[in-house]
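Order-wise, the sequence lines are chains A and B.
Just so we're aligned, residue 1 is where the first sequence starts under my numbering, counting upward by one.
Just so we're aligned, residue 1001 is where the second sequence starts under my numbering, counting upward by one.
Because the hints were derived from the structure by calculation, they are not lab data.
For glycine and all other residues, C-beta sits at the position ideal for the given N, C-alpha and C.
A hint or two may mislead.
One-sided excerpt, in silico: chain B residues whose CB lies under 8 Å from chain A [said to hold, decoys possible]:
hint: 1; residue: 1005
hint: 2; residue: 1022
hint: 3; residue: 1102
As a list, the in silico EDC-like pairs of lysine to aspartate or glutamate whose alpha-carbon atoms are at most 16 Å apart [claimed, not checked]:
hint: 4; chain 1: A; residue 1: 108; chain 2: B; residue 2: 1189
hint: 5; chain 1: A; residue 1: 102; chain 2: B; residue 2: 1176
hint: 6; chain 1: A; residue 1: 108; chain 2: B; residue 2: 1084
hint: 7; chain 1: B; residue 1: 1078; chain 2: B; residue 2: 1068
hint: 8; chain 1: B; residue 1: 1122; chain 2: B; residue 2: 1083
hint: 9; chain 1: A; residue 1: 102; chain 2: B; residue 2: 1628
hint: 10; chain 1: B; residue 1: 1002; chain 2: A; residue 2: 264
hint: 11; chain 1: B; residue 1: 1495; chain 2: B; residue 2: 1083
hint: 12; chain 1: B; residue 1: 1069; chain 2: B; residue 2: 1189
hint: 13; chain 1: A; residue 1: 138; chain 2: A; residue 2: 316
hint: 14; chain 1: B; residue 1: 1638; chain 2: B; residue 2: 1622
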Amino acid sequence: MGLTAIIRKNREESYIDYSLIFIILFLLAFGLIMLYSTSSYEAGLDFGDSAYYFKHQLFPTLLGLVAMMIMSYIPYRILARLAMPIYIVAAVMLLMIIPFGKTINGAKRWIYIMGISIQPAEIAKVAAIVFTATIIIKLNRSLVTGKGFVAAALFPAILAVMVYGITRNLSSAIIIMGITVIMLFVSTPGYKRYIIAAVAVLSLAAALVLIIANSEQTSGMNYRFERVLAWLDPTAHASGKGFQTLQALYAIGSGGVFGKGLGESMQKMGFIPEAQNDMIFSIICEELGLFGAIAVMLMFLLMIWRLMIIANNAPDMFGALLVVGVMAHITIQVVLNIAVVTNTIPNTGITLPFISYGGSAVIIQLAEMGITLNVARNIGKD
Amino acid sequence: MKKKLVVLFVLALLAFVGLGVRLILITKNNGEEYEKQVLSQQRYDSTTLPFRRGEILDSKGTILAYSEKVYNVILDAKLLLRDEKFLEPTITALVREFGLNSGEIRQYLADHPTSQYYILAKKLPYDDIKHFQDMITPGMDDYDSNIQGIWFESNYIRKYPNGSLACDLIGFTTGDNNGTYGLEEYYNDTLSGSAGREYGYLDEDSNLERTTIPATDGDSIVTTIDGNLQNIVEKHLKEFNDTYANNVRAGNACNNVGCIMMDVNTGEVLAMGSYPTFDLNNPRDPSCLIGMPAVDEKGNKLKGDSVFDSGVYITEELLESFSDEQLYQNYNALWKNFCISDTYEPGSVAKPFTVATGLESGSITGDEVYNCGGNLEVGGWKIKCHNTYGDGAVSVERGIEISCNVAMMHVAQATGVSTFTKFQKDFGFGLKTNIDLAGEARTEGLTYNAANMTPTDLAVNSFGQGFNVDMIEAITGFCSLINGGYVYEPHVVKKIVSSSGTTIKSIEPRVLRQVISSSTSDKIIQYCNKVVSGENGTGKTARPAGYMIGGKTGTAQTLPRGNRQYVVSFMGYAPADDPEIAIYVVVDRPNAQFQDDAKFATRIVRAVLTEALPYLNYPMTEPLSDKEKAELEELREKMVTSAVVEEETEQAEGEEAEEEAVEGASEEETQAQSEDSSSIWESFDVDASTGYYIDPNTGNLIDPNSGHAFGGDDLPDFDGSQAPEESSEGEAAEGGNQ
C-alpha cells in the first residue's frame, strides 16, 4: 500500500461536520454585518471612518478562520501533552497584565504583543478547557472521590481567581469556573452534588440580592452592588448603571416582531454605549425583531446540538471532554449574554460569541471550533 | 456520559427557551411603551450651522469689516465623568491650554455630573484651540485618549481691522449677527448668508433621518469709500477737535462735525466721517462719550442753563450718574451718522441754489446788480445782511462771493414762491436721497411748499435759513449744481460680490433728473470759484496749497434766534475749472466764543484737500508761496513719521501754528485791501487781540474781510408754528432710533 493510498483512505474515512462549519461561517458573516450596522454611526463620529470597527474585526476573524483550519488538522491528542504549557502560558500572560496591561474604557484587561492587543482572559478559557480535560483523563477513577474532584477543580479555579484578581473581570472568571464544573458534571456520575451545589449557589445569590436590595444605598458600596440594584429597577438607575440595560430593553421592545430593518436602529446612535460589544444582541432585536433574534438563538442552539453530537461520537474520552468544554463555553456565553441584554440577570460584561466586537475572543472561539472539528474528523476511527 | 450530555443540552435548550420567552414578553408587554421612549429620546431639534457674514471692502479692496471663525469650548460632563482617569488629564490640559480655573471646572462637574453642554470659554481664535484640537483628534502626534468630554463649537465674530475708521458709515453688528447702523444695517440681508441646519425627522416608517443643509455664506460689499481719503478726513476732524476741545467750554470742539467727499459725476461717496468716533470692535466704550453733548430719551440734546449754552457736555461725573437707559441714549447719539441723520439750517451754502434757481427759471440773467443797504424789509420784517452796514452795489456774482443776503433775497423775490419751492424739491431738499445707509433723516416737512411759504420765508430761505437739510442731501444737490445739472442718487456701495468672489451686482451711478442746464451750471461754478479766488471771497481760507478750488461758505443761525449758536460750513469742489471732487464740512456749534465764523469749516477743508488732492493725483495748478512750500514740506515729513503717537501733539501744534500763519496772511491782505476800499466798519477801533474791528454801538466784533458782525443776530425769530423746528436735534431722535 503506497503513501497515496493511505492518504486517500484517511480522506475517505475522515468525517467533516459541514453543518457545524456552515453554522460557524453563517454566524461570523452575520456577526460582521451586524457589527458594521451597529458601530458605523459611532465609528463615523469618533474616528471619521464608519467601517472602523468592521475593519478591526475583519482581520482577527480571518486570522481566527486560519487558526480554526490549523487546529482542525492538528491531532487533538497532542493537546493532552500541551495542557500544562498552555496553562502556564495563560497564567503568565495574566500576570503580565499587572506591569504591562493596557487600560481601555477603565478596565485593565489587555496586553500588547507586537502591536496586537490580546485579552489573556480569553486564553485562560482555552487553557481551562484543555487542562480540565487532561486532568480528568489523568485522574480517571479517582475523580469520583472527593479528593480527586477537588484536585480537578483546583487548577482552573486558580486561573479563575487570577482572572478576577488581576483584571477584575468577574464574568470571565465565572465562565472559566462554569466550563470546569460542566466538564466535571459530564465526566462524573450522579446528579446529587451538582443539584445541591446549584441550589447552594442560587440561594447564596438570592440572599446577596436580598441583602443588597434591602440595604440603604451607601457610598461605600461596591459598583457590582449598584449593578444589582440597577438590575432590580433599571428605571430608578436610568442615569447611572441602569442606563445601558434600560436602553437595551428599549431597543428590544421597539423592534417588534420583524424589527425596523437592517441598519435602521435608532438606539445605536449614541444611546446604547458600546453597542457593538455586550449589547449587540439588543440591536439585532431592534433591527431584525423577535424573528431575527430567535433565528440567531436557534443558530446557537444548532451549534450546541452539533457539539453535543460530536462529543457523543468522539473517538475517546479526551476528545469528548474537549468538545464538552467548548460547548460549555459557547453555551454559557450565549445564555449569559442574552440574559444580560434582556435584564434577566445583572449586567456583567459578557460578549456574544462570533458576533460581538473583540479580536481575541473571536480568534480563541474559532480555534476552539478547530479543536472540535479535529475531534469530529476522528469520529469513526479508533 | 452521553446521558449527561443530553441533560446538559436540555438545560441549554431550556435556558434558550426561557430567554426566548422573555424576549417575546418584553416585546409584547413593553413594545409600544419602549418604542415611544426610543422616539422621544431622539434629538429632532436641529442644530444651526453658522454662516460667515460677508466682508465690507473699500474701493481699493482694503478690508473694512470681516468675520472670523471663533470657537467656544464646550464641556460634556457626562462624557468626561465616564471614567476617573479622564478627569485629571482633561482638567490639566484645559488649564494649560486655556488658562481656565481648575477649581471652577471641578465645582461644575461636582454640581452637574450629567450636564452635556457647558461653555467653558467663548470666542477663542483658531490659534488658541489648535493645540488642544490636536490633542483630541485621533491620529495626531499629541493625541491623548484620556482627554475626553471636550469639544468645540464654531461661530463667527465680526472684526473691524481699522478700529474706528468710518465707524458711523460701516456700523457694527450685535452678537446675533444683526447689523446696526450704517452699511451693516442697510445691507444686513446681503451680508447675511443663511444659516445651515442639521436636523432629524421621522420618515413614513418612523425611522429617524438626519439631514444636513450646509450654511450659505453672506455676500461681500465693495464700497466707494477710499480708505486713504477716509483716513485723511478723520485725521483732520480729530485734529480739529484736539485744537478746539475745551476751548471756551469743557467738551469737544463742537457738538458735531462732519465731512463728506463725493465724486461729483457719479454720486459715489468717497469719504464720510464725523467726530467723535468709536471703535467698532468695542462700540460700548464710555470714554468715547466724554465731551459729547448729552441727549435725552428722544435723542434731543439737553438744554443748558442759559440760552447761550450749546448743550450739556458729558463729563466723567455725568457719565457716572447715567442710568443704563441714559447711557444707551447717548451711545445712540455716538453711533448715528451725523452726515445723514442730523438736519440743520444750511445757511449761506444755499445761496448758489438760489442763484441757480433764478438763472434756470429765467427769472434773472445773472447780469443784475442789486443795492445792499444792510437789510431788506420783507413782510414787515427788517431782514439784515451779515454786513449790516451794506455792501452797496452787488452783482449776482459778488452776491455769492461775499455772501450777500440782500442780493439773494432780491433773486428769490424775482423767482417767486412756486418756482423756488419747485426747484428746492428738484435739488432734493425735503426728500430722502435714498443713500444706501441706514438712518437717513426724513426732511419732508422741514421745507416749505408753495402753499405755505410766506414772502418772509422765501426771503430767509434764499440764504439758507428757515428750512432744514442734512449733509448728504446738501452735497448731493450741490453736485448737481456743478456737474451740469444732474442729480445722482448718492451711494456708498458699488459692487456686491459673492463669497466665492463672483460679482453678483454692480451698482452703477444713477441719474435721477437734470435740474439745471449745463450753462447755468457753468455760471454757478464761475460764481463759486470767486468765493475762494475773489478778493473778498468768504472762502479764501479753504484753498489748499497749490490748487484752485471753488465753493461756498455757510454760517447758519440756530433756533431760538439770538442764542449765539451757529452751524458753520463750507461746501466746495476741486478742481475749480472742472469739478470732480466735492467736499462738504459742517461744524455744529464750534467750541469758541464767537461761533459764527466759517473759517472753522474752511480750515478743515483746506487741511483735508491739501493732503487729498495730491493723493488723488491732481496736478498742482497754482504757484506755491514760500510759506506754502514750507507747509507742504512739513506735511510730507509728518506723513512719514505720523505713525508715532507722540508726534501727534506736535502735529496738532504745528497745525495751530499754521493756522495762525494763515490768519496772519489774511490780516496782511486785509490791510492791503483796506487801503483801496473803504467801508464804514473800517473807521471803527481795532480789537488788539483778534485784529477785528469793534462796532461802537453793539460791541460786536466785525470781520475785517467781510464786515460780518460776530454775534450779531439778524434774523427774525419765527414763532415756529409755520417754520420748521431747527432740528439737528429733532431728527437725531429719528436717526438714533432707526
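Holds or violated: residue 1638 of chain B to residue 1622 of chain B, with C-alpha atoms at most 16 Å apart: At roughly 23 Å apart (the allowed maximum being 16 Å), residue 1622 of chain B and residue 1638 of chain B break the hint.
Holds or violated: residue 138 of chain A to residue 316 of chain A, with C-alpha atoms at most 16 Å apart: Holds: residue 138 of chain A and residue 316 of chain A sit about 13 Å apart, inside 16 Å.
Pair hint outcome, residue 108 of chain A versus residue 1084 of chain B [Cα-Cα no greater than 16 Å]: Status holds; Cα separation ~13 Å.
Distance restraint between residue 1069 of chain B and residue 1189 of chain B, which requires alpha-carbon spacing of 16 Å or less: Cα-Cα ~20 Å, so violated.
Minimum beta-carbon distance criterion (8 Å), residue 1102 of chain B to chain A: violated, 22 Å
Residue 102 of chain A paired with residue 1176 of chain B [C-alpha distance capped at 16 Å]: Answer violated: residue 102 of chain A to residue 1176 of chain B is near 47 Å, above 16 Å.
Pair hint residue 102 of chain A and residue 1628 of chain B, alpha-carbon separation not exceeding 16 Å: violated, 83 Å
Interface hint for residue 1005 of chain B, Cβ within 8 Å of any Cβ on chain A: Holds - the Cβ of residue 1005 of chain B comes within 8 Å of chain A, reaching about 5 Å at its closest.
Residue 1022 of chain B as an interface hint toward chain A, with CB separation required under 8 Å: Status holds, d = 5 Å.
Proposed proximity, residue 1083 of chain B with residue 1122 of chain B (alpha carbon, max 16 Å): violated, 26 Å
16 Å limit on alpha-carbon distance, applied to hinted pair residue 1078 of chain B and residue 1068 of chain B: With a Cα-Cα distance of about 31 Å, the restraint between residue 1078 of chain B and residue 1068 of chain B is violated, given a limit of 16 Å.
Proposed proximity, residue 264 of chain A with residue 1002 of chain B (alpha carbon, max 16 Å): Outside the cut-off at roughly 45 Å; violated.
Hint check: violations occur at hints 3, 4, 5, 7, 8, 9, 10, 11, 12, 14; the rest are consistent with the structure.
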